[in-house]
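All chains, please: the whole structure from these sequences, using the hints.
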Amino acid sequence: MAEEKTHKEHEHHAHKTHKKKKNKTWQWVSAILLILLVISIFTNGFNLNQGNNPADELSPEQAGEKAISFINNNLLQPGTSAEIKNVEEEADLYKIKLDVAGREFDSYVTKDGSLLFPSVVDLNEEIQPPEDAAQAQPTEVMKSEKPEADLYVMSFCPFGNKAEDTMYPVYELLKDKVDWNIHYIVSANGDNIKSLHGQPETDQNIREVCVLKNYGMDKFWEFTTYVNKNCGSNGNCWKQAAEAAGLSSDEIQDCYDNQGIELMKAEAQASREAGATGSPTFLINGVKSRSVYSYGQPEIYKEALCAAFNKPPEECGQKISAVESAAGAAGSC
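Note that my numbering gives residue 593 to position 193 of the sequence shown, counting from 1, and the numbers run on in steps of one.
Read the hints as simulated data drawn from the structure, not as lab findings.
Computed from a predicted structure; not experimentally measured.
For each residue, glycine too, the CB sits at the ideal point set by N, CA and C.
Hints may be right or wrong, so weigh each one.
Only pairs whose alpha carbons sit at most 27 Å apart, straight line, appear in this in silico DSSO-like list of lysine-lysine [said to hold, decoys possible]:
no., residue 1, residue 2
1, K546, K719
2, K497, K466
3, K629, K639
4, K613, K546
5, K577, K719
6, K546, K577
7, K543, K688
8, K485, K511
9, K688, K575
10, K546, K688
11, K613, K688
12, K629, K575
13, K665, K639
14, K688, K577
15, K688, K719
16, K495, K485
17, K665, K613
18, K665, K497
19, K466, K495
20, K613, K629
21, K543, K719
22, K497, K485
23, K711, K543
24, K575, K719
25, K688, K665
26, K719, K629
27, K546, K711
28, K466, K485
29, K577, K543
30, K546, K575
With beta-carbon atoms standing in for the labels, derived distance ranges [stated by the list, open to error]:
no., residue 1, residue 2, range
31, K665, Q718, 34 to 44 Å
32, G731, E699, 12 to 22 Å
33, M542, D499, 29 to 39 Å
34, M542, I484, 38 to 48 Å
Laid out in structure tokens, this is it:
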């Protein structure tokens with residue numbers, strides 16, 4: 401790996417905007433993705449009484465408070481909390497609108513406050529297919545002279561970290577043969593930036609973007625993979641990671657202090673426009689690739705990228721050894 405400090409103003413390919421038209425088909429797909437995200441957070445049918453006898457019918461406010469207390473105390477990671485936006489009656493349930501890390505979800509609780517559900521399905525409603533299937537997201541990767549690889553992650557998502565550690569040797573092999581872009585999945589409400597795993601993750605997202613912006617892709621991978629391996633889920637050893645990569649922690653902190661919010665706003669926009677809600681999400685020439693879930697198998701990542709070349713470079717003929725430390729079952733945050 402090059403040890404040279406680039407310091408060129410890398411206008412951060414990671415912030416390249418995907419100019420994709422919004423359409424009803426994509427809205428339909430997005431709704432399904434949101435439901436899946438909620439299910440990943442809650443799971444089905446939690447017993448809120450935990451062995452106690454069901455209580456009498458609760459008021460909407462009482463049911464909402466009971467549900468939010470259970471969610472925050474049992475389901476979310478430390479540093480992350482859900483907030484109630486609204487509670488209303490719907491059929492024989494209470495519908496609770498929740499805000500989790502800047503994203504809104506609808507969940508449901510029985511009127512006696514005994515069971516919590518992530519979602520309900522109206523069995524009387526006819527599900528309409530997309531109006532124009534031709535407008536759906538493409539599934540076939542178009543070939544190009546220089547494929548574009550866009551990886552969307554959260555800095556302390558264990559699955560995103562596995563994807564990064566798996567992708568690193570692929571980057572080392574293909575380098576500038578590919579247009580590499582790294583993005584971070586956050587939400588932005590004005591200057592309020594949130595990441596799924598709390599403030600420590602938001603902080604580390606900013607640091608990693610600052611390293612990429614100011615030092616280039618080689619140093620980004622050195623810094624990020626060191627943090628993944630050594631710093632746990634709070635990032636306390638990021639300064640050691642900077643030192644190990646030959647970076648200035650003072651310069652990283654200055655970027656954090658003076659540019660962090662604007663950098664994260666750009667990340668929120670990029671992930672929103674790409675429809676990237678789960679970490680990791682991997683796009684090759686604008687098309688989502690499930691190869692990213694083959695954790696610990698960089699050869700699969702490489703083959704997916706090499707298939708996108710008009711004429712694959714000779715590097716595509718080289719085999720990449722497995723990354724045992726990144727191996728694991730498919731999953732995402």
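Item checked: 27 Å Cα cutoff - pair K665, K639 -> holds, 24 Å
Checklist line | Satisfaction of the hinted span 38 to 48 Å by the C-beta atoms belonging to M542 and I484 | finding: Cβ of M542 to Cβ of I484: about 45 Å, so the range 38 to 48 Å holds.
Next item on the list: Sort out whether K575 lies within 27 Å of K546, counting only the CA atoms.
Entry: holds, 11 Å
Check: Taking 27 Å as the top limit, are the C-alpha atoms of K665 and K497 close enough?
Finding: Distance ~24 Å between K665 and K497 Cα, so the pair holds.
Check: Under the criterion that the straight-line Cα-Cα distance not exceed 27 Å, is the pair K688, K575 satisfied?
Finding: holds, 21 Å
Notebook entry, point to check: Taking 27 Å as the top limit, are the C-alpha atoms of K546 and K719 close enough?
Noted result: Status holds; Cα separation ~20 Å.
Notebook entry, point to check: Keeping to a limit of 27 Å between CA atoms, is the pair of K543 and K688 held or broken?
Noted result: Given that 27 Å is the threshold and the Cα spacing comes to 14 Å, the pair holds.
Notebook entry, point to check: Is the Cα-Cα distance between K688 and K577 27 Å or less?
Noted result: holds, 20 Å
Notebook entry, point to check: For the pair supplied as a hint, K613 and K546, is the alpha-carbon distance within the 27 Å limit?
Noted result: Judged against 27 Å, a Cα distance of about 21 Å means the pair holds.
Notebook entry, point to check: Are the Cα atoms of K543 and K719 separated by 27 Å or less?
Noted result: holds, 21 Å
Checklist line | Restraint check for K466 with K495, where alpha carbons must lie at most 27 Å apart | finding: Roughly 13 Å separates the two Cα atoms, so the pair holds.
Note to self: Within 34 to 44 Å: is that where the Cβ-Cβ distance between K665 and Q718 falls?
What the structure shows: holds, 39 Å
Checked against the numbered hints given earlier, the structure satisfies every one of them.
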